[in-house]
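Listed below are the residues making up each chain.
Protein chains: 2
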Amino acid sequence: MTHDITLSLQEAQALSRRILRHAGFGTGHVEAITQSVVAAQRDECHSHGLYRLLGCVETAKMGGLDPQAVPEVIDQAPGIVRVDARYGSSLLAFEQGLAPLREKAERNGIAVLAINHCFHFSALWSEVEALSGMGLAGLAMNPTHAFVAPAGGVRALLGTNPFAFSWPRPGGNPYTFDFATSVVARGEIELHRRAGKSIPDNWALDDRGQPTTDPTAALEGAMLTFGSHKGSALSTMIELLAGPLIGDALSHETQAANAAGTGRPCHGELVIALSPKTFLGEQCEAGLLHAERLFEEMLGQGARLPSQRRFQARSRSLKEGVSIPAALYRDLQALAGEDGKAD
Amino acid sequence: MTHDITLSLQEAQALSRRILRHAGFGTGHVEAITQSVVAAQRDECHSHGLYRLLGCVETAKMGGLDPQAVPEVIDQAPGIVRVDARYGSSLLAFEQGLAPLREKAERNGIAVLAINHCFHFSALWSEVEALSGMGLAGLAMNPTHAFVAPAGGVRALLGTNPFAFSWPRPGGNPYTFDFATSVVARGEIELHRRAGKSIPDNWALDDRGQPTTDPTAALEGAMLTFGSHKGSALSTMIELLAGPLIGDALSHETQAANAAGTGRPCHGELVIALSPKTFLGEQCEAGLLHAERLFEEMLGQGARLPSQRRFQARSRSLKEGVSIPAALYRDLQALAGEDGKAD
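Going down the list, the sequences are from chains A and B.
Sequence positions in the first sequence follow this note's numbering and run 1 to 343.
Sequence positions in the second sequence follow this note's numbering and run 1001 to 1343.
By construction, these hints were calculated from the structure, which means they are not laboratory data.
Check each hint, because a few of them may be wrong.
Unchecked claim - Only some residues are given here: those of chain A computed to face chain B with a beta carbon under 10 angstroms:
#1 134
#2 157
#3 183
All C-beta atoms, glycine included, are put in the ideal place defined by N, C-alpha and C.
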């Protein structure tokens, strides 16, 4: 029998802060990580929610990320802000790069935030939504660890390399998507394994490079990209732009450290911001209204917009708080240490 | 019985120039279009090769594009060059925007070329390869006409919206991909129809929004995107960035004119250039060599890189010239008018 514990967003934040402080995270990291995991929990993205704190604390203990890292913000070029996360979480690096990124995007029309040497465990939608919340269109991508074979290949080489985009909508939630370039999330295969179910034959290869429907063989082999060679191409682009272009690692170079649980070497992240105001000037409002026609046509024919379910969850959580399994709540409390009962 | 005519690249160019001049294209357009169709023919991309001149000339006759259009280059912002193609071919607009795009990308690290009101009939790989040929990474995308249903939808709304990327490789052909976000090219369904073959059930919907294996029903209905909701999301992003962001049309707004063969309203195109030199400074060469490790790993496990077949064709054509069906050659000669026999 399982039951859930309901927390208000404030209670969830307080719990997260206690855990992170107890694990030795610096104040900036405590806030940035808390904002991220509570936003994910609020949107019912459970795997990026409070649950993620367990791994985050464990990785800090193993020395895989530096909980006290002080990001260094570098004005690389008129259109590039670079933030060296110095082996800390990507989230504080993103937060510190956001204002200069906005300033550069609004001045130039387009700008990049390149984050180096970051430990990355968060979803990208919250970052691109930070941009659309400022009236910018945002793109984000990063390599991960080598779990995915390139199209036509036989071994894991590419990461699950997420790609996210958000577009500002007047008076409403933004248009946002955030997807892995692997055909499914790795956790999905793990769920099939636990349930004793086979997987479709286009999800993964076994360790001899043959398509498999056995989830255990898949986890020991390589996942496949979504959309065959097109998804593989997109994933390769992400490796290049969020790797060598910014002087950072490729997914296959971080795999050994990931498998060992030590986190390092970490990798990079690339965020691109485009400013509709700079593109359109006085026609900006008209341009954003023009985009609405596309969404109206989609909804009018019964298509869903990506993230709709997440926005519904958000609306619900803002009123009712968030629910997590009691067992997870106990595990989190145990990490909160002596000050576990007070904020 | 069919046979082929072999032309040297110079002969192919001369033929293209005669056709375009005879159809009243201005000198700049003659050169830009000739470079594009002969490059495609050289790479054995037949549908974008000399064959494309037939449609190009026909559209000019119908008033769908202006063969004498003079593009206007606008310095929109430090990171944006905008070119109003004024209802001419996109190719001359791209050519005129290329130098300022390069200059902005090298100064800022990233820059955009936004082309407005262009008639678009060329493949994007030649444009992103123009960028990688200058040592830049290039991305290009454009809406087309509404042939594709969004994920979960029932009617055509999105274009086949191509997405292309090229990355400079030291001493060799670039890493380039260029794919439609529809599951296949529309011509592929047409080929199945002609051959009396059924199509896979994930390619298209009939006019009632139901999956169909009948190519005729598919052509009257809507194509699907590659990679299900992920491809649909990517296609939607292309609509937004190469449409409303640059003050230009969505695919469904150009559909009626396309069906009528009049071409207008035309649409836009978005090109993004990123400068490795500006990102990496003195580490640029090392960064490009670092990227090579990814390609080596791919090739080492038997995966192909996209465009490899095209580069092989290029190498062959540079030596042996290009071959086109005799019937196409006759049709092209007929368009070349009185000066059809001399350059």
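Now the hints, each set against the structure:
Because the smallest distance between the Cβ of residue 134 of chain A and any Cβ of chain B comes to about 15 angstroms, over 10 angstroms, the interface hint for this residue is violated. With a cut of 10 angstroms, the hint placing residue 157 of chain A at the interface with chain B holds, because the nearest CB-to-CB distance is about 5 angstroms. For residue 183 of chain A, the shortest C-beta to C-beta distance to chain B is roughly 8 angstroms, which falls under 10 angstroms, so the interface hint holds.
Against the hints set out earlier in the document, a violation occurs for number 1 only.
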